[in-house]
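As a plain string of letters, each chain reads:
Protein chains: 2
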Amino acid sequence: MGPHFRQATIIGVGLIGASLAGFMKSKGMVDSVVGVGRSKDNLEVALKAGYIDRYTHDQRKGVAGSDLVVLCCPVGLFESVARDIKPYLDDRAIVTDVGSVKGSLVGKLDEIFYLKARFVGAHPIAGGEKSGAEAARLDLFQGARCIITPTRKTDLEALDAISDIWEATGARVERMDPDDHDKVFALVSHLPHVAAYAMVDALADMDGGQKAINYAAGGFKDFTRIAASHPDMWRDICLLNGPNILKALDSYQESLWKLRDLIDKGDGENLAAVFDRARTIRKKIG
Amino acid sequence: MGPHFRQATIIGVGLIGASLAGFMKSKGMVDSVVGVGRSKDNLEVALKAGYIDRYTHDQRKGVAGSDLVVLCCPVGLFESVARDIKPYLDDRAIVTDVGSVKGSLVGKLDEIFYLKARFVGAHPIAGGEKSGAEAARLDLFQGARCIITPTRKTDLEALDAISDIWEATGARVERMDPDDHDKVFALVSHLPHVAAYAMVDALADMDGGQKAINYAAGGFKDFTRIAASHPDMWRDICLLNGPNILKALDSYQESLWKLRDLIDKGDGENLAAVFDRARTIRKKIG
Numbered sequence: 000m001g002p003h004f005r006q007a008t009i010i011g012v013g014l015i016g017a018s019l020a021g022f023m024k025s026k027g028m029v030d031s032v033v034g035v036g037r038s039k040d041n042l043e044v045a046l047k048a049g050y051i052d053r054y055t056h057d058q059r060k061g062v063a064g065s066d067l068v069v070l071c072c073p074v075g076l077f078e079s080v081a082r083d084i085k086p087y088l089d090d091r092a093i094v095t096d097v098g099s100v101k102g103s104l105v106g107k108l109d110e111i112f113y114l115k116a117r118f119v120g121a122h123p124i125a126g127g128e129k130s131g132a133e134a135a136r137l138d139l140f141q142g143a144r145c146i147i148t149p150t151r152k153t154d155l156e157a158l159d160a161i162s163d164i165w166e167a168t169g170a171r172v173e174r175m176d177p178d179d180h181d182k183v184f185a186l187v188s189h190l191p192h193v194a195a196y197a198m199v200d201a202l203a204d205m206d207g208g209q210k211a212i213n214y215a216a217g218g219f220k221d222f223t224r225i226a227a228s229h230p231d232m233w234r235d236i237c238l239l240n241g242p243n244i245l246k247a248l249d250s251y252q253e254s255l256w257k258l259r260d261l262i263d264k265g266d267g268e269n270l271a272a273v274f275d276r277a278r279t280i281r282k283k284i285g
Numbered sequence: 000m001g002p003h004f005r006q007a008t009i010i011g012v013g014l015i016g017a018s019l020a021g022f023m024k025s026k027g028m029v030d031s032v033v034g035v036g037r038s039k040d041n042l043e044v045a046l047k048a049g050y051i052d053r054y055t056h057d058q059r060k061g062v063a064g065s066d067l068v069v070l071c072c073p074v075g076l077f078e079s080v081a082r083d084i085k086p087y088l089d090d091r092a093i094v095t096d097v098g099s100v101k102g103s104l105v106g107k108l109d110e111i112f113y114l115k116a117r118f119v120g121a122h123p124i125a126g127g128e129k130s131g132a133e134a135a136r137l138d139l140f141q142g143a144r145c146i147i148t149p150t151r152k153t154d155l156e157a158l159d160a161i162s163d164i165w166e167a168t169g170a171r172v173e174r175m176d177p178d179d180h181d182k183v184f185a186l187v188s189h190l191p192h193v194a195a196y197a198m199v200d201a202l203a204d205m206d207g208g209q210k211a212i213n214y215a216a217g218g219f220k221d222f223t224r225i226a227a228s229h230p231d232m233w234r235d236i237c238l239l240n241g242p243n244i245l246k247a248l249d250s251y252q253e254s255l256w257k258l259r260d261l262i263d264k265g266d267g268e269n270l271a272a273v274f275d276r277a278r279t280i281r282k283k284i285g
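Protein sequence lines correspond, in order, to chains A and B.
FYI, the numbering for the first sequence is 0 to 285, going by numbering that gives the first Met the number 0.
FYI, the numbering for the second sequence is 0 to 285, going by numbering that gives the first Met the number 0.
Any copy, or any two copies together, can satisfy a pair, since identical chains are not distinguished.
Listed next, the in silico DSSO-like pairs over lysine-lysine satisfying Cα-Cα at most 27 Å (straight line):
#, residue 1, residue 2
1, 246, 282
2, 107, 264
3, 60, 26
4, 220, 283
5, 257, 220
6, 39, 282
7, 210, 246
8, 220, 129
9, 60, 47
10, 115, 60
11, 283, 257
Rather than coming from a laboratory, the hints here were simulated on the basis of the structure.
Bear in mind that the values here come from a model prediction, so they are computed numbers and not experimental data.
Make a model of the complete structure from these sequences and hints.
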């Protein structure tokens, strides 16, 4: 028998929040779901689809009586939302999140909820460029990875419950230290997104760039698909994981300079060697 | 009635060459196809699949008696192959290519074949990371763009014939000046590939990079898919279109520096603005 909750509050009923809520309801893991958000249109979509049972724009009212609260709003709001809802939470309510940044944010949330509610950090690696409840899918997390970031303060029962929810969705649950999480995802997620945004930005400003974009099937399209992701989410990630992203960016710039130099010198042999090693590594990922 | 050839020689029976040959044979546009290449295994695959009727490792023997010759080997070999086969070509044979670089290479080939054969430069924007005759598809060019780069020296009858072939494959044929072609594709194809290679290269060298690659579903995978492309092909492109690629790289580095600076300063407003503009542009491509 899996975890069961009386009432779950989803703060930010976007792609991830709506999909999680919809999944939990479909499996009877929760009796009732309250959606909290700013866009009435989006909340209506979630309500009509049955992902939530009711909604409110007032997060304090939204969390009252819930034994589970999931922070699915932009990570930049987590701290303020946490401070704001804390007095209105049921004692020992489980609070979790789906944010792309962990690091010191987890410790802050541990502190804010200390002795009141039980916080467990989580990050499901799913979704993509689409956003909003209309894009939600109950199988969104099937086969995806979900990173959970317990700390020494994390309540073990809450940790198990959250792990069980994610495993039930079909995700492969993995535990990571919050700081390791941010180092790793700076490399494999945050840096590529910044690089994709920079690529589109550069083209937009180059002579003939806008015209060239018409011929985008040749590599540019693939490369920049992730630049269609939500700007606010990525702003928050850059602000909250800045130091790790800067380190990754510096490494990337070094590699670009190395290649620039080889191209400038016409060093075909070393160019082919770099490309060949990269291809070997990339092919392992599949 | 479309173009028709007695015998076509495909020099380099890779993904593009094999697909084109297979298509032309399937439509009766050519009576017989000779494949020329170095890998016996690959040529055998093409033979068994019916893309070619016979093969040879000797390019001089391969072009004898052909009224159409298609250069599908790495662009870095075009000049030497052209000089080598010239004396063995039938007078007024049509020679064309499928290379990713045009620019001054087209003028060189015009010169080499002058008064002997009729050269027409072409570049079908198709294929991707897969290579070899085994990946060939007769519908590979359906809906793809094919750029043709005539010069003042280009024979008009040959130009029509080559355009007709590509249109028959379902490609949208477009004419471009060879130098414009190289400027445009430096931006939308060559730069993104170099950037993807640099991303994989950087990760491979970073502390924890190789371990992080295990979590590659979060953006890195999309961004670097094109790094699985053929190293030799990309070495040649970098060598032959160096100046344009360097210009594009410099623009790209500028954008990366701009973003680095905004991240360093924690300037959320301008970060969101850059990301938002990029998303708008990228969404137009679809």
